[in-house]
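Engineer: Residues per chain, in single letters:
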Amino acid sequence: GNSVTQMEGPVTLSEEAFLTINCTYTATGYPSLFWYVQYPGEGLQLLLKATKADDKGSNKGFEATYRKETTSFHLEKGSVQVSDSAVYFCALWNTNAGKSTFGDGTTLTVKP
Amino acid sequence: EAGVTQSPTHLIKTRGQQATLRCSPISGHTSVYWYQQALGLGLQFLLWYDEGEERNRGNFPPRFSGRQFPNYSSELNVNALELEDSALYLCASKITLRGEQPQHFGDGTRLSIL
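Protein chains in written order, with this note's numbering: chain A, 1 to 112; chain B, 1001 to 1114.
I should point out that these hints are in silico values taken from the structure, not numbers from a laboratory. Where hints are given, some of them may not hold.
Unchecked claim - Below, simulated DMTMM-like cross-link-like pairs (lysine to aspartate or glutamate); rule was C-alpha separation at most 25 Å, straight line:
#1 A:LYS56 - A:GLU69
#2 A:LYS99 - B:GLU1051
#3 A:LYS99 - B:ASP1107
#4 A:LYS52 - A:GLU15
#5 B:LYS1013 - A:GLU42
#6 A:LYS52 - A:ASP104
#7 A:LYS77 - A:ASP54
#8 A:LYS99 - B:ASP1050
#9 A:LYS99 - B:GLU1054
#10 A:LYS99 - B:GLU1053
#11 A:LYS99 - B:GLU1075
#12 A:LYS99 - B:GLU1084
#13 A:LYS60 - B:ASP1107
Stated by the list, open to error - A few chain B residues that don't get close to chain A, going by computed Cβ distances all over 10 Å:
#14 GLY1016
#15 PRO1070
#16 ASP1107
Glycine included, every Cβ here is placed at the ideal spot set by N, Cα and C.
Excised from the complex, chain A in its bound form (with noise of 0.2 Å):
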């Protein structure tokens, strides 16, 4: 089955520090990937996806590229802001089966 493995938080840096969030998959066909932010007492919002292999996904300063050969969806910003601190998940979308896989999400607290 699939299955999207993410870095366990959380994870705490300081402004302007280097953000890497890691997140690996397993799946059967060619899903597309996604990550997904939650700030305090707020839905989900989707932040970036990549949909095949080497597609780079952009939003907000963050990136994150589809790496078929390591399976991973590794989630990258080069300087984070106070703001950015949420709840990050990595997600893979299995078309055939019309479902969603989650990570467990991973909690970034930036401070000034």
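Model the placement of chain B on the given structure of chain A, informed by the hints.
Structural biologist: Chain B in isolation, oriented as in the chain A frame:
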């Protein structure tokens, strides 16, 4: 454009009771997805409705059920509530039967079982 709306925001029940959670998708969206976000367990896929039919369900017992109405809104029903059902329940919607992961989520209903 109004986003995905869920009600109620919070719901407090006791063991053995029944809970009904509601979701209104974005206008024009025909698919509704339900997820459970339990503490320490991440986000788990529950149910997927499209055009009024259940298309897929996650690994949850039958006491988790739902339906989709002709206006594409949806209800999630949880019978015989257990303590471990305490979680945030998220609803998401999208426009097509096939295609990508739903990208529009509601703010969720926090269900607490006492």
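Engineer: For B:GLY1016, is the shortest CB-to-CB distance to chain A above 10 Å, so the non-interface label stands?
Structural biologist: Given that every Cβ of chain A is farther than 10 Å from that of B:GLY1016, nearest at about 29 Å, it holds.
Engineer: Please work out if A:LYS52 and A:GLU15 have their alpha carbons no farther apart than 25 Å.
Structural biologist: violated (32 Å)
Engineer: Holds or violated: A:LYS56 with A:GLU69, Cα cutoff 25 Å?
Structural biologist: Cα-Cα ~15 Å, so holds.
Engineer: With a cut-off of 25 Å on the C-alpha distance, tell me whether A:LYS99 and B:ASP1107 pass.
Structural biologist: holds (20 Å)
Engineer: With a cut-off of 25 Å on the C-alpha distance, tell me whether A:LYS99 and B:GLU1053 pass.
Structural biologist: Given that 25 Å is the threshold and the Cα spacing comes to 15 Å, the pair holds.
Engineer: Closest CB-CB distance from B:PRO1070 to chain A, is it above 10 Å?
Structural biologist: holds (21 Å)
Engineer: Does A:LYS52 pair with A:ASP104 here, judged by a C-alpha cut-off of 25 Å?
Structural biologist: Roughly 23 Å separates the two Cα atoms, so the pair holds.
Engineer: Hint check: A:LYS99 vs B:GLU1075, CA-CA at most 25 Å. Holds or violated?
Structural biologist: Roughly 19 Å separates the two Cα atoms, so the pair holds.
Engineer: Checking one constraint from the list: CA of A:LYS77 to CA of A:ASP54, max 25 Å. Satisfied?
Structural biologist: holds (18 Å)
Engineer: Is the Cα-Cα distance between A:LYS99 and B:ASP1050 25 Å or less?
Structural biologist: holds (13 Å)
Engineer: Does B:GLU1084 lie within 25 Å of A:LYS99 when you go C-alpha to C-alpha?
Structural biologist: holds (23 Å)
Engineer: Can you confirm whether the C-alpha distance between A:LYS60 and B:ASP1107 stays at or below 25 Å?
Structural biologist: holds (21 Å)
Consistency note: the structure conflicts with the earlier hints numbered 4, 16.
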